[in-house]
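As you go down the protein sequences, you meet chains A and B in turn.
Oh and the first sequence: position 391 is 391 in the numbering used here, straight run, nothing missing.
In the numbering used here, each residue carries its 1-based index in the second sequence increased by 1000.
Don't take every hint at face value.
[To be verified] 30 Å max Cα-Cα, derived BS3-like pairs, lysine-lysine:
#	chain 1	residue 1	chain 2	residue 2
1	A	Lys337	A	Lys410
2	A	Lys383	B	Lys1073
3	A	Lys337	A	Lys406
4	B	Lys1073	B	Lys1046
5	A	Lys337	A	Lys368
6	B	Lys1073	A	Lys520
[Unchecked claim] Short, incomplete list of chain A residues facing chain B, as computed with Cβ under 7 Å:
#	residue
7	Ser235
8	Arg238
9	Leu247
10	Asn249
11	Gly338
12	Gln541
13	Ala595
14	Ile597
15	Val603
These are computed hints drawn from the structure, not numbers from a lab.
All C-beta atoms in this analysis are idealised placements derived from N, C-alpha and C, irrespective of residue type, glycine included.
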Amino acid sequence: MSIDMSQFHATFFEEGHEHLDEMERVLMAIDLSAPQAEDLDTIFRAAHSIKGGSGIFGFDALTTVTHVMENILEQVRSGSMSLTQPLVDCLLGTSDHLRAILESYRNQSEINWTEIGDITHSLEVWLTAEGPAPQVEQGYGFFEPLQQPGRDDSYGFFDQDESEQAGSDDGFGFFEPLPATAELPEVPVAGAAPTDVAATSSPAQPSNTTETAPAKPVVRPDSSQPAQRSEREASSIRVDIVKVDQLVNMVGELVITQSMLNLIGSEVQGPETERLHAALVELERNTRELQESIMSIRMLPISFVFNRFPRVVRDLSSKLHKRVELVVEGGQTEIDKGLIERLADPLTHLVRNSLDHGIEQPEERLRKGKPECGRLTLRAEQKGGNILISVIDDGAGLNRERILQKAAEKSIELPEHPTDSQVWQLIMAPGFSTAAEVTDVSGRGVGMDVVKRNIEHMGGRIEIESRTGEGAKFQIRLPLTLAILDGMSVAVGEQHFIIPLVNIIESVQPSPEQIKQIKKQEMLELRDAYWPIVPLYQVMQVEGARTAISEAILVLIETSKTRFALMVDDLIGQQQVVIKSLEQHYRRVPGIAGATIMGDGSVALILDAESLAQRVDESLMMKETV
Amino acid sequence: MSDNAGDTIKPESSTCEFLTFTLGDEHYGLDIMQVREIRGYEPVTKIANAPPFIKGVLNLRGDVVPIVDLRIKFDVGRAEYNEFTIVIMLHIGDRIVGIVVDAVSDVINFQKQDIKPPPEFGVAFDSQYLFGLAPINNNMIILLNIEKLISSQELGLFDASSAAQETQ
Chain A
1 MSIDMSQFHA
11 TFFEEGHEHL
21 DEMERVLMAI
31 DLSAPQAEDL
41 DTIFRAAHSI
51 KGGSGIFGFD
61 ALTTVTHVME
71 NILEQVRSGS
81 MSLTQPLVDC
91 LLGTSDHLRA
101 ILESYRNQSE
111 INWTEIGDIT
121 HSLEVWLTAE
131 GPAPQVEQGY
141 GFFEPLQQPG
151 RDDSYGFFDQ
161 DESEQAGSDD
171 GFGFFEPLPA
181 TAELPEVPVA
191 GAAPTDVAAT
201 SSPAQPSNTT
211 ETAPAKPVVR
221 PDSSQPAQRS
231 EREASSIRVD
241 IVKVDQLVNM
251 VGELVITQSM
261 LNLIGSEVQG
271 PETERLHAAL
281 VELERNTREL
291 QESIMSIRML
301 PISFVFNRFP
311 RVVRDLSSKL
321 HKRVELVVEG
331 GQTEIDKGLI
341 ERLADPLTHL
351 VRNSLDHGIE
361 QPEERLRKGK
371 PECGRLTLRA
381 EQKGGNILIS
391 VIDDGAGLNR
401 ERILQKAAEK
411 SIELPEHPTD
421 SQVWQLIMAP
431 GFSTAAEVTD
441 VSGRGVGMDV
451 VKRNIEHMGG
461 RIEIESRTGE
471 GAKFQIRLPL
481 TLAILDGMSV
491 AVGEQHFIIP
501 LVNIIESVQP
511 SPEQIKQIKK
521 QEMLELRDAY
531 WPIVPLYQVM
541 QVEGARTAIS
551 EAILVLIETS
561 KTRFALMVDD
571 LIGQQQVVIK
581 SLEQHYRRVP
591 GIAGATIMGD
601 GSVALILDAE
611 SLAQRVDESL
621 MMKETV
Chain B
1001 MSDNAGDTIK
1011 PESSTCEFLT
1021 FTLGDEHYGL
1031 DIMQVREIRG
1041 YEPVTKIANA
1051 PPFIKGVLNL
1061 RGDVVPIVDL
1071 RIKFDVGRAE
1081 YNEFTIVIML
1091 HIGDRIVGIV
1101 VDAVSDVINF
1111 QKQDIKPPPE
1121 FGVAFDSQYL
1131 FGLAPINNNM
1141 IILLNIEKLI
1151 SSQELGLFDA
1161 SSAAQETQ
């Protein structure tokens, strides 16, 4: 092959991982008693695509393993081997190995051939134990489909253009495996070709039939191929995140330029003004839409992280001999891509912990009158300016006594009568583990402090709730760093602030008789409720704001802790804003959740209603003591 | 932060380029490699409960960047803002920080041997934030270790924990 193949390697590796993910997903979901032909096809296709691609690139280790895998799947598909739990386990295990091999190729590290031999062997056992092996040795299982044309006439041949997409020009990967002959059974390749064509020209691709002359199977139907390819690309493309970030920044600049143009446009006089304004309005709308769509690129549903957990829970629960049902809620919650990647590790830790320490053995659960099958819930939701991710189990809960005892052993200082939450926080101290014995799942005490640190790095925090005998809940609270927030823009003096819309109940223009004084604190009386009034100009130290309450506007705000009325000069309008972290270049500011860039390029601060509420209480107490 | 006023200019180079600027009547210089850009002063968004020398934040092409007025912090010159007031945007580690100065003068190459050790007193800056002094024409240029200054606890620009990480 004359083309430099290395340029396609990256794509192959990424796709390889995708195929393995897919395989794993289907294997997890498959119904053992009545496996769907479609599912089996999917698994087969995944293995097959990897084999095809690895053949092209000469990644022999992958080819060897996937080949055997394919043979097994082949038999399952044809019904000569039944799908059993141990077989699924074995296949899952193999997919892990494939992942590892894929990584070693990617890192260009040494391939452990003895290990490959072991894997292949463990797979081959299935072939010899069940089903007629000789049949399978007849190259590649390609010939099988013909015997059962009704069900699987396409047989994963079409995904060949997937490995095709991985970059090769030289068709189909069917002919490439030859360099790897050492591992592959002797196959009359030329003989395989006609079969291939026969299959290719099956109903799924009728247009090809005319173009693919049976005599020259190697010639690809060039005209139809690119069309197919672009169809596939339209559904999703792979883009470097750096490029997306560049786009985000560029569009930010564009918005500023656009608003500068607007300013200039409003000053222009003359006959062309009308047309200029129309164009500017158009530009403004387009820019805003562009900004919105670009911002949404970075956001991904959190199911990207959650999807890995069915596997984790399954493997772990069978290892621990526990029965656990995993419930996933709110997988559609969108979160910044950057956070998604960093969430995976801490979440895995929490899930493992819950399975290992939280959920009890089935017998014990039955004894306690709980259902035998434990329940682990992964939940994501957006609340205010935060994303809440919870790991909830219905296990034994944290053991207060044992934690305290352990704390005493490690001579960790404690207040005299620690509250529950103070005790729970202890488990996140470095080196702390209450597991009665160290297992390879957890118990080494390096877990929770790392989890805590990771989450704090993301600007979040972790809260623990626990009830003995009923279960524990670990809640991660993350800020929406690059998320978009619906906010109300308000003016105080010269400055603008954004109040998250979720916190706002309503806005009122108070009449003098609605304002009461209670303990020197001004209160708004509205429909028989009293709202303490918090002047924003005081909290944020803004000069030149209106100080008379009757002239101002009160925004009624509700947080999880309290309710109050925020006094501002004016309401500007409701808008979506992009949250920028203040901490990136500066530091955390009390009462401020972040900053955003307004249409005119200026910076507006986003208020953090929760922490403002805390300040309310403080200032109330201050006033009472004075 | 340990007091190592002894370490002056980076040892690997015998010459170093400095951007010189004025604060009031005094001339200062900082390593040009840390300068991101120079721009005119624009109105900033004030931040509540910040010390007076932190003027606020502004939008630098999508980044929300704090602006520090060194004239207020070190009480040199008068903190006026007019069309000649300059903001120097600096790279400090991963962060961007703007400093307000009265004027930017020049870019000057200094030989290492030209740089005199900093005096213990007589300048507005603590000597631990200085590389040294360099005489140019009849002026004395005070060469700042701007990175150390900006990330210092004294300025409180960064959270203590993150500042500590960055100096590691």
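Open item on the list: Hint check: Lys1073 (chain B) vs Lys1046 (chain B), CA-CA at most 30 Å. Holds or violated?
Closed with: holds, 16 Å
- [ ] Against chain B, run the beta carbon of Ser235 (chain A) and see if the smallest gap drops under 7 Å.
- [x] violated, 30 Å
TODO: With a cut-off of 30 Å on the C-alpha distance, tell me whether Lys337 (chain A) and Lys406 (chain A) pass.
DONE: With Cα atoms ~38 Å apart, Lys337 (chain A) and Lys406 (chain A) exceed 30 Å; violated.
Open item on the list: A closest beta-carbon separation below 7 Å is what the hint needs, so does Arg238 (chain A) meet it against chain B?
Closed with: Constraint on Arg238 (chain A) not satisfied, violated at 24 Å.
- [ ] For the pair we were handed, Lys383 (chain A) and Lys1073 (chain B), check the Cα-Cα distance against 30 Å.
- [x] violated, 40 Å
Open item on the list: Quick check on the hint: Ile597 (chain A) CB to chain B CB, less than 7 Å?
Closed with: Hint holds; Ile597 (chain A) Cβ to chain B Cβ min 5 Å, cut 7 Å.
TODO: Take a quick look at whether Lys337 (chain A) and Lys410 (chain A) sit within 30 Å of each other, Cα to Cα.
DONE: violated, 39 Å
Open item on the list: Does Ala595 (chain A) hold up as a contact with chain B if the rule is Cβ-Cβ below 7 Å?
Closed with: holds, 4 Å
Open item on the list: Checking hints one by one. Is Gly338 (chain A) an interface residue toward chain B, by the C-beta closer than 7 Å rule?
Closed with: At about 14 Å, which exceeds the 7 Å cut-off, the nearest Cβ of chain B leaves the hint on Gly338 (chain A) violated.
TODO: Under 7 Å, Cβ to Cβ, is where Gln541 (chain A) needs to be relative to chain B, so tell me if that hint holds or is violated.
DONE: holds, 5 Å
TODO: Let me know if the C-beta of Val603 (chain A) comes in closer than 7 Å to any C-beta of chain B, holds or violated.
DONE: Because about 4 Å separates Val603 (chain A) from the closest Cβ in chain B, which is inside the 7 Å limit, the hint holds.
Open item on the list: Less than 7 Å between beta-carbons is the criterion; does Leu247 (chain A) satisfy it with respect to chain B?
Closed with: Not OK, violated: Leu247 (chain A) not within 7 Å of chain B, min 11 Å.
Violated hints for the displayed structure, listed by number in ascending order: 1, 2, 3, 5, 6, 7, 8, 9, 11.
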